[in-house]
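Model the full assembly from the supplied sequences, consistent with the hints where possible.
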Amino acid sequence: MTAPVTGTPRLTQHAAPADGRIGASTPRPDGTLKVTGAFAYSSDLWHEDMLWGHTLRSPHAHARILGIDIAEALTVPGVTAVLTHADLTAATHYGLELSDQPVLAADRVRYQGEAVALVAADHPETARRAAARIRVAYEELPVVHDEASATAPGAPVLHPGRTDHYAAHVPHPNVLHRQPVLHGDARAAAPTADVVVTGDYETGTQDQAPLGPESGLAVPAEDGGVDLYVATQWLHVDRQQLAPILGLPPEKVRLTLAGVGGAFGAREDLSMQAHACLLAMRTGRPVKMVYSREESFFGHVHRHPARLHYEHGATRDGILVHVRARIVLDGGAYASSSPAVVGNAASLALGPYRVPNADIEALALYTNNPPCGAMRGFGAVQACFAYESQMDKLAAALGMDPVELRRRNAVAQGDVMPTGQPIDSPAPAAELLRLVKERPLPPERPWDTGPADAPDLRALPGGLSNTTHGEGVVRGVGYAIGIKNIGFSEGFDDYATARVGLALAGGEPVATVHTAAAEVGQGGVTVQAQIARTELGVPRVALLPPDTTVGSAGSTSASRQTYMTGGAVRAACAAVRDEVLRRGRARHGWPAGELRLADGLVVTGDGTAVGALADVLDEGPVERETEFRHRPTQPFDPHTGQGLGHVQYALCAHRAVVDVDTELGLVKVVELAAAQDVGRALNPLSVVGQIQGGSTQGLGLAVMEEIVVGPDGRQRNPSFTDYLIPTVLDTPAMPVDVLELADPHAPYGLRGVGEPSTLSSTPAIVAALRQATGRPLTRVPVRPEHLVGRA
Amino acid sequence: MRVNLTVNGRPRTADDVWEGESLLYVLRERLGLPGAKNACEQGECGSCTVRLDGDLVCACLVAAGQAEGADVTTVEGLAEADGTLAPVQRAFLDAGAVQCGFCTPGLLMVADDLLASHSNPTDGDIREALSGNLCRCTGYEKILDAVRLAAARADGTAPR
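Chains as they are written, first to last, in the working numbering: chain A, 1 to 791; chain B, 1001 to 1160.
What the hints contain is simulated information worked out from the structure, not anything from laboratory work. Take these hints with a grain of salt, some might be off.
[Unchecked claim] Partial list, derived from the structure: chain A residues whose beta carbon lies under 10 Å from chain B:
no. : residue
1   : T32
2   : D44
3   : G261
4   : L595
Remember, predicted model here, so these are calculated numbers, not experimental data. The beta carbon of each residue, even a glycine, is placed where N, CA and C say it ideally should be.
Encoded structure:
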């Protein structure tokens, strides 16, 4: 499916169509429900006679289970069922790629928070209290918590007897997956570099922290199956994992998307899905489960914490000669999507730069830390922090402007990635850097808005804590750029399905669009309707609820849904249009040449109407279901990392401006400007919203957000009191430049938009903090003690 | 226990309330008003913000019994009876301030309260007023746009 390509670079300032077609900032179809409180999120569901489910979780990061006694819990009035691993009658393990995670722990727990038992009761508090009466006898085991302890001689092997296809290529059974990428000859080239800089970097564990907690409602059905209403990112992959656990054929496990309160990767893995279904099938009653915020921190995977070692060599003129990189990601106790995160980190380890020689290694560990998997940016975030820190370090060593160094090495269309994959669509790295660099800087001393003796504290580091009136405050400016893959990579058969209908309602043509794509807030529903209006020329489009009665849409992940489900809707619309035209030509003699649908009419290329949709829909509706695939990708070679692994690349650049109280180590991010190429902005308002939202999550990683995990594998701060996400006072003005350089391989030329801004935001802010403080700042999140040199 | 209160102008009664339940739980699970949201239930995120006898509160931190006899307004009570959206609701939609929408009810309550007392708030005023409400999707820029838009429409400097 190749889109017409304009080829002309342009910013999104063209006149947008006002008719709800693509290119318009059409309002969200779910907007009114969301502002009136009527939108039914997964935690809002209710069913007559329903029970509440609760999960008992392990307090230990690594322990043997000696016994589980549920007798006392069963005596609690109001308790209907208590389930343990002994009640599982079919598959006992699950996982997105490797089925290595127990549905309920049997004889061993591998992380704090692992699910051990389930309770169903008539009130959530009853269920919680009954769970507290389940007696689990544990024998604690030694914990492995980093690369050294996980691969030490005699280290406990967390998953003995591995048979997965990564096992043959790893140096230790506690290494889940290792991916080298070898490009050119770094060993031979390194001595020829005029300047070499090395650095060790670290990123903390970040939480997606979607505001909607994991939740849903499982309803047992008369046919022995189950209906599950749930907030997820991919209905069909949930079902694929659930059916074996429940011992049911897939068609008896029916999922419907409930309202999703954000996702950001946290809803890729199963959370309460299997547990609620098991309780519903055991009790024969509907079961609702809603995690508390604390439980949510234990109930989903996180962004991998990482340690990264880099060496960059360049000529005196600032041309990169070689890069060596070693990226160690902590995958925690279970595989989740770690292998794919490794593939991303390895293949994108160099950033959007031309590097003739590279020796890259990325790996993920099994440890007793919280399981890690998908979060917005997916392996590219950690690498971007390191390679952009290195580019600044190299610029300093060369005495060169950091943006100029980046410009001299910036990739462009036609360059080749270290995997050997050519970049065969626009990659305007230098242009994006220019856009953020040339933007006027915000005014100095923004707190001086009123009388001289009354600064606006809200504009100062420390804010209303009134810690400074400007004394010791230093400004810094930093730049960064990142590169992200769009879509599922490494040979995955990635497709999306759409069913589109066209029928008469009250004499007017109405399109219906049915997909299983998870709307998680990004606005997929808006663009699906825009595409149908564009392709079918009808103003009225009805979207059917996403469920498993239509084919898979794939995951709302990897910035892929506008490309993939959008592509499927477009293709299904084309099939519907073909049938409409076939009917019209057969019945009414419509001409054979090119015909379009517009405003309910059928028109020729020059706009002459030859008929109306109503002329053929009177004989019945038209409906077509289509699967859409992006062009195929290849796995990376396990030894060399070579392969056409990615579908599409996307670039975003940032400039960060910060004010730092250099005495107290407090930060105020003053402005965070972004420039991103989106290929084609189908809904410009939503595009900007995605870029700003992603930038803010990168800000969180830069200066605030970390799940602190002790050497005992236990989380220290699983709450919104102690895990801080940016508030409106932490978040600066975020001007955005949107570039639209069409990708000829993508529907409408579009480029996935959700993730790229999450990458470069973090290193841009840290670069600004380094300029303000002169400190090396090799770890994120940066803390006050780092900024004042006490750590 | 039984709890009697007025919600969005209507007298309501909740029966069989356990003493440990919050006002949020009673609204959501017993009175069929799930608009106030349950993002943290620790008073940190503001998603459950309602008006209680004229003051904004986190409904998760109010014991159900404390609401006995109280006058409560939730997001479901912002629009007119005929469904006409309140100005802040309209502005959130027009400015693109809604993504997943889970924070939206709380932010609407706070923004509505701010605009009732400040006809022309500065950006600093808006940020300060909204600082108790977490949003994970938008980065707040479009939410600020929405409050600015609602304020401008109220004083006639922006078309409605």
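Outcome of the hint check:
Here the hint on T32 of chain A is kept, as its CB sits about 7 Å from the closest CB of chain B, short of 10 Å. Hint status for D44 of chain A: holds, given a least beta-carbon distance of 4 Å to chain B, under 10 Å. A cut of 10 Å between beta carbons decides the hint on G261 of chain A: the least distance to chain B is about 3 Å, and the hint holds. Given the 10 Å rule on beta carbons, the hint for L595 of chain A is violated: about 35 Å separates it from the nearest Cβ of chain B.
In terms of the numbered hints stated before, the structure departs from hint 4 and from no other.
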